[in-house]
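Taken in sequence, the protein lines are chains A and B. Throughout the first sequence, residue numbering follows the working numbering, covering 3 to 186 in sequence. Throughout the second sequence, residue numbering follows the working numbering, covering 43 to 199 in sequence.
I should point out that these hints are in silico values taken from the structure, not numbers from a laboratory. All the given hints hold, so there is nothing to weed out.
Covered stretches of chain A (chain B as the covering partner; in silico rule of three or more C-beta atoms under 8 Å from a C-beta of chain B):
(1) 73 to 84
(2) 94 to 105
(3) 156 to 167
Partial chain B-side listing against chain A, Cβ under 7 Å, derived:
(4) D68
(5) S74
(6) D75
(7) R88
(8) R174
(9) H178
(10) G198
(11) A199
Heads up, the beta-carbon is just placed ideally off N, CA and C, and yes, glycines get one too.
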Amino acid sequence: MNTSSVGLADLGGVIALSGTDLQIQDPADLLRVQYVLHGNRNRTDQPPAVNTNSVVSPQDLSRIEPVQSDSRWRGYVSRRLAQLRRGSGDFTGLLQPSEEVVRRARDVSTGLFRANTPTPSVVPSEYGDVLFIWHKAGWELEIEVGPEEVSVWAHERNSGAVWSGSLAELWPKVSDLLAFLAKQ
Amino acid sequence: MTLAPCGQIIHVPDDDQLWRRFTNSDNHLMWSDNLGRRIPNPAVLRFDPDLSTDWRQHLEAIHCQSPRVLLKGNPGYALVGEFPVGGVRLLRFVVRGTPNTLSSLGCAHASIEWPPDAIPPQRTEPTKDVRRKLRHELAQEVSWVYGDISMVPPEGA
Numbered sequence: 003m004n005t006s007s008v009g010l011a012d013l014g015g016v017i018a019l020s021g022t023d024l025q026i027q028d029p030a031d032l033l034r035v036q037y038v039l040h041g042n043r044n045r046t047d048q049p050p051a052v053n054t055n056s057v058v059s060p061q062d063l064s065r066i067e068p069v070q071s072d073s074r075w076r077g078y079v080s081r082r083l084a085q086l087r088r089g090s091g092d093f094t095g096l097l098q099p100s101e102e103v104v105r106r107a108r109d110v111s112t113g114l115f116r117a118n119t120p121t122p123s124v125v126p127s128e129y130g131d132v133l134f135i136w137h138k139a140g141w142e143l144e145i146e147v148g149p150e151e152v153s154v155w156a157h158e159r160n161s162g163a164v165w166s167g168s169l170a171e172l173w174p175k176v177s178d179l180l181a182f183l184a185k186q
Numbered sequence: 043m044t045l046a047p048c049g050q051i052i053h054v055p056d057d058d059q060l061w062r063r064f065t066n067s068d069n070h071l072m073w074s075d076n077l078g079r080r081i082p083n084p085a086v087l088r089f090d091p092d093l094s095t096d097w098r099q100h101l102e103a104i105h106c107q108s109p110r111v112l113l114k115g116n117p118g119y120a121l122v123g124e125f126p127v128g129g130v131r132l133l134r135f136v137v138r139g140t141p142n143t144l145s146s147l148g149c150a151h152a153s154i155e156w157p158p159d160a161i162p163p164q165r166t167e168p169t170k171d172v173r174r175k176l177r178h179e180l181a182q183e184v185s186w187v188y189g190d191i192s193m194v195p196p197e198g199a
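Only chain B is shown next, with the shape it has when bound in the complex:
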């Protein structure tokens, strides 16, 4: 495992994971019968212009933190989801370590960016249909690492 000192930008390995907090609400979650579990509503994976996450291995190894740290001071959030870096890159997204000083653990900040080859010339993001496909695929990469989430499908699903 490659560990980055706080604030230093290094390559995030494919075998690592990214964490992101989610709201435990029927508005923010959907049922995937393909996976047999709930996943994020693709609409909550908002790229502005990137999708903010935290680098798990940095938080664990350098700061001895668990996923719960993402929820501190954010009472609206009750779940932490995990993206596998390699899986996200297989979908052609770019994953970069992007440490910042906006918070005490901003050193663990990592970004998921739209696949460059999916962005048309003169545009800053893919077309609506491509965004939709990519967000559906990305949502299915999420596994839950913290929080109580119902595993029961909606009736009739």
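Only chain A is shown next, with the shape it has when bound in the complex:
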């Protein structure tokens, strides 16, 4: 890669790069993203330019190119959460999640999902929750992020097994299931 610095940064509300798309987004849209900054090619002795408080100015845009993130889900989930926060798309029969709920959903994704977690569907509920849903390997898994709680529901079709509860209580079980789904 012909670049001088590669890093992970939380960008302060100016730009975000996800997958191979460059997007101008609002602060609530932002997840941790990978970026590549051209320039300073002689400074190979310097460590990667990682600054979690950095704000990239518009002038920097021409020097930044997106790279493929190693995360399976980040680009899609980031895009869908941004759409839900902006109220993009049709909400007939559904309710647009509040900014607070979208932020909580983002926190759940960054805290729970691993890089190889399969991409979930990201949809609103009729009550303004954000739903992360997987139908995969015979499982149906739904994480419901609401204004007051985050709940989990899982169903294994072959055995008929069902379990549900708060994500806080079921975190290890959900994490194990996501790890299993990542291998399918």
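Let chain A serve as the given structure and place chain B on it in line with the hints.
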């Protein structure tokens, strides 16, 4: 095939199908890797108190209509999904012909109702977890009979 004259309530056979219109939006659809296609977001299958559908065989045989008729005058909808009556009943839902006079084709109206044995005493609907399971199962019964729908999964799914 048993055909019902308009307005007459008869049993909807297991071999028949029900149509329902859907919005072609990422908010209304989800990816099922189990099925290899998109299905409705279970949250859009709202029971109020039943789920409204239209009886395919009545629309086709009596009114010579195609699925497209469900979208007429409803620009927000671009898809028509089909439920197999037998499959829906296997999930224990009740399917009934419920013709009405609310629209010109209200004679084809049919209802999907919660399984009676899933409703706790003194309640009008199942508990939240049971509703969730039933709606996920019902969503997977839907096949698409009209509209352009992406068959490509979200990246990384």
